[in-house]
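Undergrad: Assemble the whole structure, with the sequences as input and the hints as a guide.
Residues per chain are reported as follows:
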Amino acid sequence: MTGLARDIAFRAPALPDDACRAALLFAIDPFGLGGVCLSSRAGPQRDAWLAFLRARLPNDMPERRLPNAIADDRLLGGLDLTATLSAGKPIVQRGLLADVDNGLLIIPMAERLDPGTAAKLCATLDQGEVRLERDGLTACHPTRFGTILLDERTEDEEPPPTGLCDRLAFHVTLDPTQQGDPTMFEAADQDAIVLAQEILPGVEIAPEYLDAICGTTLAYGVASARAAILTLRAARAAAALEGRNHVTQDDVALAARLVIGPRATQMPAPPEEPEAEPEESEPPEPQPEPPPQDLPEDPQDEPDAPQDLQEPLDPSALQEMMIEAARASLPANLLASLASELGRGKSGQGGRNGQTQMGDRRGRPIGTRRGIPKPGQRLNVLETLRAAAPWQPLRRHQRASEAKSGTVPRMEIRRDDFRITRYKQNAETVTIFVVDASGSAAVNRLAEAKGAVELLLADCYIRRDSVALITFSGRLTEVALPPTRSLVMAKRRLTGLPGGGGTPMAAAIDMAADLAQAIRRKGQTPTLVFMTDGKANLTREGKGDRVQAGQEAMTAARLLASAGIGTLMVDISPRPSTPARELAAAMRAKYLPLPFADPAKLSNAVKGATDNV
Amino acid sequence: MAIPFPFSALVGQDEIKQALLIAAVDPSIGGVLIFGDRGTGKSTAIRGLAALLPKMQAVAGCRYSCSPDAPSDLCPDCSGGKNKTAKAVEISVPVVDLPLGATEDRVVGALDLERALTQGEKAFEPGLLAKANRGFLYIDEVNLLEDHLVDLLLDVAASGENLVEREGLSIRHPARFVLIGSGNPEEGELRPQLLDRFGLSVDVRTPGDVKTRVEVIKRRDDFERDPNAFRDNWMKEEDKTRKSLMKAKKLLKEISVVDTAYEKAAELCLALGTDGLRGELTLIRAARAHAALHGKKTVTIQDLRSVAPLALRHRLRRDPLDEAGSGTRVQRAIDDVFAP
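Protein chains in written order, with the numbering used here: chain A, 1 to 613; chain B, 1 to 340.
Wrong hints could be hidden among the right ones.
What the hints assert, rightly or not - Pairwise CB distance ranges (calculated):
#, chain 1, residue 1, chain 2, residue 2, range
1, B, 161, A, 371, 25 to 35 angstroms
2, B, 161, A, 204, 49 to 59 angstroms
3, B, 259, A, 317, 57 to 67 angstroms
4, A, 61, B, 233, 48 to 58 angstroms
5, A, 479, B, 266, 28 to 38 angstroms
Derived from the structure by calculation, the hints contain no laboratory data. Yeah, the Cβ is synthetic: ideal placement off N, Cα and C, and Gly gets one too.
TA: Spelled out as structure tokens, the structure:
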């Protein structure tokens with residue numbers, strides 16, 4: 001370790017042991033393992049991790065950062081304009097993905113990565129080459145690289161594109177409260193990594209381990225086959241790091257902890273004998289993780305590891321051991337989210353990501369048109385050249401006959417030739433349903449409200465809108481479903497929605513306004529549909545004060561009105577009620593009492609709410 | 001180019017394999033749509049297919065890979081008499097990848113800039129659609145592609161010719177290809193109008209049992225550690241698949257369909273309420289290709305049964321809130337209609 005790196009390592013909060021191990025394994029096989037998704041805020045601990053990793057990679061390994069707003073011609077490559085013009089024939093310029101060949105690609109703010117960019121990255125990772133069919137050029141640049149995703153999201157933001165995360169072996173979360181002892185890994189320096197790389201191709205694995213790896217991924221509900229393959233590669237790298245040419249239990253335990261655990265979407269079914277599950281499944285607490293040697297309950301240790309190969313391995317015991325190992329690194333919110341959403345088929349992340357993928361795509365080029373570029377418009381040079389090219393002999397001829405003196409330019413471009421790139425501004429609508437599930441609503445018409453939402457959902461499907469769902473009752477106001485196009489998921493959430501508790505109206509309006517603003521920032525159009533009887537009786541602090549709660553709700557409603565978001569208030573009380581009507585007025589929302597809300601009216605009202613603004 | 005994973009060595013994705021082989025036997029079926037989870041080998045299957053396909057004859061030098069027996073009268077190269085003296089050569093069936101980020105000029109073709117700049121000539125530079133003629137065009141993440149490009153592709157795939165009207169060029173050229181799209185439904189669904197323009201559709205799932213999964217990663221691992229040896233090991237199996245494919249292509253014209261099969265096909269489509277006659281047509285064609293692949297000369301109810309989910313699944317009027325998915329509905333209808 002260099003002096004500087006050591007300095008950083010000492011001053012910064014020390015790194016958790018497993019974060020270091022992930023870095024070591026990644027350094028051994030950066031292209032096979034794909035990369036690391038590092039969840040952490042920017043800070044000294046993250047810098048320390050990057051320094052730790054960098055110190056173990058070859059000094060001459062190229063490193064590139066991928067800016068968030070990268071354009072396709074820089075990402076994949078495109079026409080090199082200067083070279084093209086001076087050479088008089090199209091010249092290809094390599095893109096960032098080709099330049100980073102054999103190197104390290106760092107993606108800051110990965111949670112905001114454009115879905116299109118992510119998909120191009122995935123295709124490049126899968127094929128080991130950048131395929132270019134752009135700007136009249138065809139090219140193919142082979143490239144292999146390791147990827148570091150820096151995921152800096154706060155809790156309510158969406159995770160980085162899941163397709164990309166799926167291809168990266170390690171998902172590491174740094175947390176300043178989790179500290180290990182990085183001095184443990186001082187022996188594993190650059191030379192040790194090089195040595196391990198020499199061993200790696202010859203590392204063998206007994207078939208029983210493969211069974212255990214697959215069994216473990218299944219037990220944790222990890223669907224992708226890539227996860228199993230990455231676990232296998234991680235186990236091999238772990239063995240190579242220890243200087244062994246065969247995989248042992250310790251290696252698969254480590255691999256399970258680093259690769260499978262963070263991907264878990266369900267808790268494994270307990271083995272035959274019933275266990276005390278709740279107590280045992282607490283480990284995601286901020287605790288320094290035990291070193292791997294402690295994890296397998298088998299008394300086997302490294303000294304007698306060679307026996308591993310001779311002794312018949314018991315696959316089910318192995319799998320149990322791996323399941324236990326992975327338990328140590330389950331995502332912190334897994335248990336909570338499982339508890340609140342029973343019988344859900346997929347992890348919340350899946351749905352969230354679906355939204356991201358289609359969501360943020362403002363300003364994609366969709367073609368060109370003739371015209372002089374005005375400020376804010378972009379000249380499409382290639383298309384302009386194409387437009388001008390056929391006329392060149394004619395113009396040259398003309399010019400030569402007109403003016404005898406002066407040089408004849410290589411290219412003569414006239415006003416008519418200019419072509420402007422047209423961009424498509426995305427006008428996708430996101431309909432946010434804010435559903436009151438409080439006691440009073442439940443007594444009234446929660447079931448009908450659900451029915452009405454379902455009707456609107458079918459409408460949204462036809463219009464290809466996204467939907468989001470906010471529910472509120474008692475002290476809990478939550479985004480039950482972040483914006484998604486998966487209507488099945490929306491319906492599932494809604495069906496499982498219990499009724500009861502007070503009505504935290506103000507909190508619900510606040511949250512709806514926040515979500516709507518977030519959607520607007522992405523260039524989409526939010527529409528709000530409130531389904532409530534408007535009878536606020538819980539304050540923002542969660543106190544049961546009808547008067548104050550009512551005032552707070554009105555204030556929140558007025559604030560919402562100032563944001564100018566299309567809003568519809570569906571009153572679900574048995575007959576049109578004053579509170580809901582007043583609230584609607586304060587929000588400047590369209591008011592629609594449910595008793596009169598037949599399907600056609602409802603769907604028209606939602607459409608109307610968008611158009612009104 | 002890297003060695004592709006052998007098609008025959010794919011584990012547990014029989015539906016994808018079947019759909020691709022059927023489309024290879026009878027390209028008029030109209031494309032395959034593969035939707036499914038991440039990491040299920042969608043792309044692997046298609047790249048494997050490219051290596052599996054038998055070679056074909058083409059006019060040497062023709063940029064649209066025209067067949068020497070019947071050069072397309074649309075082809076600007078062959079009809080202009082440019083290739084009159086050209087010989088026939090053996091080429092691989094084109095399997096063209098449409099990479100994400102491809103621009104329209106490269107897809108449909110455009111003015112050749114180099115020749116325009118240097119020689120002042122107005123020449124057409126064919127795009128990917130020309131390259132894919134008589135072969136396959138593969139689009140990964142079809143749901144991330146711009147809608148106008150998807151429309152264009154489906155249009156060309158259906159009509160078999162590409163019309164270019166840009167930069168003062170006016171060109172028509174043959175573009176007959178099998179469109180293969182793949183995607184992940186979590187990343188957004190395809191517009192319903194586009195769905196039923198694909199002939200077959202496959203719903204891929206990750207295999208749920210440990211045994212299959214172990215086999216998947218075992219083979220993948222073996223392949224990655226020594227691709228050459230792995231390919232050699234699977235050579236025999238690949239030859240077998242290739243031969244049955246070639247045989248099926250020859251057999252296809254001779255296959256007869258029993259009347260009851262037509263009736264059952266109509267009954268099935270009625271029961272499912274599919275719009276138009278495209279469903280029945282595709283169903284019969286797919287059943288014919290299926291029979292051919294199995295070396296049979298008559299289409300039986302059994303063939304119909306095995307291809308029905310592929311041919312019909314995506315043609316149902318979709319209820320967006322139906323959780324069971326259309327696969328279940330098709331299966332139910334099949335069980336009803338084919339009940340003894």
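Undergrad: Determine for every hint whether it applies to the structure shown.
TA: Results of checking the hints against the structure:
| no. | hint | verdict |
| --- | --- | --- |
| 1 | B/161 <-> A/371: 25 to 35 angstroms | holds, 31 angstroms |
| 2 | B/161 <-> A/204: 49 to 59 angstroms | holds, 55 angstroms |
| 3 | B/259 <-> A/317: 57 to 67 angstroms | holds, 60 angstroms |
| 4 | A/61 <-> B/233: 48 to 58 angstroms | violated, 35 angstroms |
| 5 | A/479 <-> B/266: 28 to 38 angstroms | violated, 48 angstroms |
In the structure shown, a violation is registered for the earlier hints numbered 4 and 5, in ascending order.
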